[in-house]
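Quick mapping for you: the protein sequence lines, in order, are chains B and U. According to the numbering used here, the first sequence is numbered sequentially starting from 1. According to the numbering used here, the second sequence is numbered sequentially starting from 1001.
Please keep in mind that the hints were generated in silico from the structure rather than gathered at the bench. No experiment lies behind these values; they were computed from the predicted model shown. A couple of the hints might just be wrong.
Label pairs and their computed distance ranges (CB to CB) [stated by the list, open to error]:
hint, chain 1, residue 1, chain 2, residue 2, range
1, U, A1071, B, N83, 14 to 22 Å
2, B, Q166, U, D1164, 47 to 55 Å
3, B, G259, U, P1183, 45 to 53 Å
4, U, G1097, B, S85, 15 to 23 Å
5, B, L49, U, M1031, 47 to 55 Å
6, U, V1138, B, S85, 29 to 37 Å
7, U, L1121, B, E180, 49 to 57 Å
8, B, A131, U, D1169, 26 to 34 Å
9, B, P137, U, S1085, 32 to 40 Å
The calculated EDC-like cross-link candidates involving lysine to aspartate or glutamate, where the alpha carbons are at most 20 Å apart (straight line), are [unchecked claim]:
hint, chain 1, residue 1, chain 2, residue 2
10, U, K1272, B, D123
11, B, K272, B, D164
12, U, K1272, U, D1164
13, B, K272, U, D1117
14, U, K1272, B, D164
15, B, K272, U, D1123
Ideal Cβ placement from N, Cα and C applies to all residues, glycine included.
2 protein chains.
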Amino acid sequence: MSTHPFDEALQLQAAGEHRWRGTPHAAYWNMVGPFGGSTAATLLQAVLLHPELLGTPLSLTVNYAGALTAAPFEVEARPVRTNRSTQHWSITQTQPGDDGQPVVATTATVVTAARRDTWSLSDVPMPAVPAPATVEPVTLFSGVEWVRRYEMRPVRGPVPRRWDGQGEDSVSQLWMRDAEPRPLDFCSLAALSDVFFPRVWLRRATQVPAGTVSITTYFHAGAAELAQTGTGYLLGQARAQEFRNGFFDQNAQLWNEAGTVLATSHQIVYFKQ
Amino acid sequence: MSTHPFDEALQLQAAGEHRWRGTPHAAYWNMVGPFGGSTAATLLQAVLLHPELLGTPLSLTVNYAGALTAAPFEVEARPVRTNRSTQHWSITQTQPGDDGQPVVATTATVVTAARRDTWSLSDVPMPAVPAPATVEPVTLFSGVEWVRRYEMRPVRGPVPRRWDGQGEDSVSQLWMRDAEPRPLDFCSLAALSDVFFPRVWLRRATQVPAGTVSITTYFHAGAAELAQTGTGYLLGQARAQEFRNGFFDQNAQLWNEAGTVLATSHQIVYFKQ
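Please model the entire structure based on the sequences and the hints provided.
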């Protein structure tokens, strides 16, 4: 029986047709509520547990409607349409409100697919970076629990040491993996797609409150690429495109050490003036 | 009363709380079902018509679960959580199946937001390209109705003239706008985010069946930027990152002629071997 904290965080109990119950895990706590990546992984896990599941994850969109508390939550994961090779899912995560009625904390949609071998080609080669062992690991922020669950070795664009408003670009590259080794799976890949600190901190060299509003991850990995990766490092690259009136977007790519793209991801993030 | 075909395509009749009815418009017909961009715009329109709407569109994810027929459809657009400055929407589009029961054709999530003026910055400058008037307009595919609704002036990466398997990259740039002038709004911006032909055709110079599975668009424009754009051209840029086992992803950016980013968009697309 695994005692890895990520497996503990993914624990869900069946609670009727299309329904599961769980509790946010303290090991993945962020400043307010759990790390968004672990929430995304939990919603994906509900799909993966579903008896009607077809195929493997292709696309995951998670909308963070309100912060989860440390209390139990319920997830409804419903297959709304099953085709020959794709399946579409609608997911809602709720917690009881003050009046006991369920309040929506998170919504998500997932597409799963039975994939076939076809012509394949990568149009975004992995950037040339030093090997993981030659890059110093850092702890992003002491006092934030979830960051301790990941080993992070920044190659480019680390968290600014001086908040002097003198940022130059929004690109970060880092080698990363679970701090306690755990073979990569779709849920941990979903979580790793969201480990990048807010681009506004880097571009402005100014630390302002920020939080993901919506994230979409496309899974290019199948079982073979996950197995090839194992407990190895991923190279993550993130950059913003546009900061405008309280929100910015962020693109990310995740490669394994062999240079295979495992996932590409995008998010829109709230930031305070 | 407008007779613009896009306004006709956006026509929805109220059908009870959170519900609307409409019919796909023949002017936006694709090879199988309507142009995905017009479907996305229609689902967004249901949110914009909703009496409880807060703010303007920030994020739109549309999942194409099955092709729409030319028959009437129903849209349910439900505000699942309203915060002080953001609102989260879940949308489902159905058509009656053979047994008369509703079948899900499309799902979507939308986030709307009341936006404030803040520090803003563009981290992806518009590429240097010739002015629209100096670029020849083309008709992408004769016989496909929706492409006639748009004026398209390709700057780079046009549809291959020879399907010889000799593609070099997946980048397209084109000036584009409604063929019949219509001031830009959120719905037409959502549709324009999906006009790019499948990247696999460009990268492989091979024409294979392909279709969008899921698209996410982030709106950076507010009312001021829409008004600034009016009936002018947008520069659209699209590129793929990864083609793998039947699916590829595509990133897009849309600028107005003044060089302002109006939207960034991402999609995952099915393709046949």
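Original post:
Is it true that the CA of K272 (chain B) sits at most 20 Å from the CA of D164 (chain B)?
Top reply: 17 Å, holds
Original post:
Does the hinted range 14 to 22 Å hold for A1071 (chain U) and N83 (chain B) at CB?
Top reply: 19 Å, holds
**OP:** Mind checking the hinted window 47 to 55 Å against the Cβ distance between Q166 (chain B) and D1164 (chain U)?
**Re:** Since Q166 (chain B) and D1164 (chain U) have Cβ atoms about 50 Å apart, the given range 47 to 55 Å holds.
Original post:
Are L1121 (chain U) and E180 (chain B) spaced within 49 to 57 Å by their CB atoms?
Top reply: 38 Å, violated
Subject >> 20 Å Cα cutoff - pair K1272 (chain U), D123 (chain B) >> reply: Since the Cα atoms of K1272 (chain U) and D123 (chain B) sit roughly 18 Å apart, the hinted pair holds (cutoff 20 Å).
Original post:
Should the hint that V1138 (chain U) and S85 (chain B) are 29 to 37 Å apart at their CB atoms be regarded as holding?
Top reply: 33 Å, holds
Subject >> Pair hint outcome, K1272 (chain U) versus D164 (chain B) [Cα-Cα no greater than 20 Å] >> reply: 51 Å, violated
Original post:
When you check the alpha-carbon spacing of K1272 (chain U) and D1164 (chain U), does it fall within 20 Å?
Top reply: Roughly 17 Å separates the two Cα atoms, so the pair holds.
Original post:
Between A131 (chain B) and D1169 (chain U), does the beta-carbon spacing fit 26 to 34 Å?
Top reply: Since the Cβ atoms of A131 (chain B) and D1169 (chain U) sit about 28 Å apart, the hinted range of 26 to 34 Å holds.
**OP:** For G1097 (chain U) and S85 (chain B), compare the CB-CB distance with the range 15 to 23 Å and indicate the outcome.
**Re:** About 19 Å separates the Cβ atoms of G1097 (chain U) and S85 (chain B), which means 15 to 23 Å holds.
Original post:
Taking only the CA atoms, is the gap from K272 (chain B) to D1123 (chain U) under or equal to 20 Å?
Top reply: 18 Å, holds
**OP:** May I ask you to test the hint 32 to 40 Å on the CB atoms belonging to P137 (chain B) and S1085 (chain U)?
**Re:** 37 Å, holds
Taken one by one, the earlier hints fail for this structure at numbers 5, 7, 14, listed in ascending order.
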